[in-house]
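Q: Chains as they are written, first to last, in my numbering: chain D, 1 to 201; chain F, 1 to 191.
No lab work stands behind these hints, which were simulated from the structure alone.
This structure is a prediction, so every number in the text was calculated from the model and none was measured.
In this text, a Cβ means the ideal position worked out from N, Cα and C, and glycines have one as well.
Be aware that one or more of the hints could be misleading.
[Stated by the list, open to error] Straight line, CA to CA, 20 Å or less: simulated SDA-like cross-link-like pairs of lysine to any residue:
1) D:Lys8 x D:Cys112
2) D:Lys199 x F:Gly166
3) D:Lys69 x F:Val87
4) F:Lys165 x D:Ile196
[Claimed, not checked] Distance windows between CB atoms, simulated:
5) F:His157 x D:Leu127: 25 to 33 Å
6) F:Thr188 x D:Glu91: 27 to 35 Å
7) F:Glu2 x D:Glu99: 24 to 32 Å
8) D:Val89 x F:Glu126: 25 to 33 Å
9) F:Gln85 x D:Val16: 36 to 44 Å
10) D:Ile94 x F:Ala161: 43 to 51 Å
11) D:Lys195 x F:Leu154: 22 to 30 Å
12) D:Ile77 x F:Ala66: 14 to 22 Å
13) D:Lys195 x F:Ile89: 42 to 50 Å
14) D:Asp169 x F:Thr188: 18 to 26 Å
15) D:Tyr188 x F:Ser153: 21 to 29 Å
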Amino acid sequence: MVESINQKQNFLKGIVKDNPVFVMLLGMCPTLGVTSSAFNGLGMGVATMFVLLMSNIVVSLIKSQVPSKVRIPAFIIIIASFVTIVEMVLEAFIPFLYEQLGIFIPLIVVNCLILGRAEAFASKNNLISSIIDALGMGVGFVIALTALGAAREILGSGSLFEFKFVSEDANTFILFILPPGAFIALAYITVLFNKISIKNN
Amino acid sequence: MEYILILISAVFVNNIVLAQFLGICPFFGVSSKVSTSVGMSGAVLFVMTLATMVTFLLHQYVLVPAGLDYLRTITFILVIASLVQMVEIILKKVSPPLYQALGVFLPLITTNCAVLGVAILALGLENVSLLKAVFFAVSHSIGFALALIVFASLREHMELANIPKGMKGVPINLLVAGLLSLAFLGFTGLV
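Please take these sequences and the hints and turn them into a complete structure.
A: This is the structure we're talking about:
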């Protein structure tokens, strides 16, 4: 019973207490770069979550075989292999998303969130905990990216998931789908997030 | 003329940090003092130029002829990671003063997506040649330096400002970066 409560906390910490974007500020480049719409944010989040999950599984399985001196290069190779898989799958099956995310797909390799979890968690914990950790962090990342994408899309293009709810010629805050809007929107979402998490404590 | 366009485009119009969102981690991480931001900019200039040169040659003369183009991501990151290590070791031996100035920033650069990003972006240039790719990398690192140093000096001034409690720390930095990015948006249409 104690075990299952711990696993629940392990899962939830990635979403609220240690949220990778709002609290730990990891993986900021894709967070800001691809979130001009909710769909792009969701796609990037899921792609990153897949790589995070697979790398956590593999790292946790081989942790006793890898000498600690070469562990970082070994982790990077594992991560880069899964990123290459994601890159090829997206190009073949969802070319639209592949075009939209562009350079940020190969850059999942250098997302500090993934290497960070491999080093800080998966290399020290068993398989089950590592999977749950990856799922929690991954869901936290997906939520953050989708929320930021949705906020920017609503303000910038007056739509959500491509569904337009203002008339075609309405004036929207175009600023929010341009680069400065990413910083400004994330700033205010972080303020809100801080406020909510302080209240809950 | 073409080279001037690359330079202006990389520094002002498509600034690597403020318009393309590459290298955000060091942009927020090492921008609390102007002096450290200058050191970091120097290290990035050095590594980015060298990395682009090596990865470009590797891509052109090894990966493409061998039909291994799909291994691009995995080779590039390995090359960059080992290159950074090598540079660190060589600098320590050959030029201790330079190592003193750049040394602490070098390990940080491996996970700097700007370096990998520019190495990949350089492959997509029109009629790309080695000289052009290297010039592209130098221009982008100048853009990185400009953004980082300007942002660091803004942050130094902000220390004296009276900031609302909820905005302290991360949010105000993001907001200032947003305004800086807005200023750079004014260069759109220059090229």
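Q: Each hint should be assessed against the structure and marked as holding or not.
A: Verification of the supplied hints:
Proximity of Lys8 (chain D) to Cys112 (chain D) is assessed by CA-CA distance (about 24 Å); at most 20 Å being required, the pair is judged violated. Proximity of Lys199 (chain D) to Gly166 (chain F) is assessed by CA-CA distance (about 12 Å); at most 20 Å being required, the pair is judged to hold. With a C-alpha separation of about 19 Å, the suggested pair Lys69 (chain D) and Val87 (chain F) falls inside the 20 Å cut-off, and the hint holds. About 14 Å separates the Cα atoms of Lys165 (chain F) and Ile196 (chain D), which keeps this hinted pair within 20 Å; it holds.
Roughly 50 Å separates the CB atoms of His157 (chain F) and Leu127 (chain D), a value that falls outside the hinted 25 to 33 Å. Separation of Thr188 (chain F) from Glu91 (chain D) is about 30 Å and conforms to the stated range, judged on CB atoms against 27 to 35 Å. Between Glu2 (chain F) and Glu99 (chain D) the CB atoms are about 26 Å apart, so this pair conforms to the stated range of 24 to 32 Å. For Val89 (chain D) paired with Glu126 (chain F), a C-beta distance near 29 Å keeps the hint of 25 to 33 Å intact.
The hinted window of 36 to 44 Å between Gln85 (chain F) and Val16 (chain D) holds, with their beta carbons roughly 37 Å apart. Taken as a hint, the range 43 to 51 Å holds for the pair Ile94 (chain D) and Ala161 (chain F), whose Cβ atoms sit roughly 45 Å apart. Between Lys195 (chain D) and Leu154 (chain F) the beta carbon distance is about 25 Å. The supplied range of 22 to 30 Å therefore holds. The hinted range of 14 to 22 Å is satisfied by Ile77 (chain D) and Ala66 (chain F), whose Cβ atoms lie roughly 19 Å apart.
The beta-carbon spacing between Lys195 (chain D) and Ile89 (chain F), approximately 47 Å, falls within the hinted interval of 42 to 50 Å. The given range of 18 to 26 Å is respected by Asp169 (chain D) and Thr188 (chain F), whose C-beta atoms sit roughly 23 Å from each other. The beta-carbon spacing between Tyr188 (chain D) and Ser153 (chain F), approximately 24 Å, falls within the hinted interval of 21 to 29 Å.
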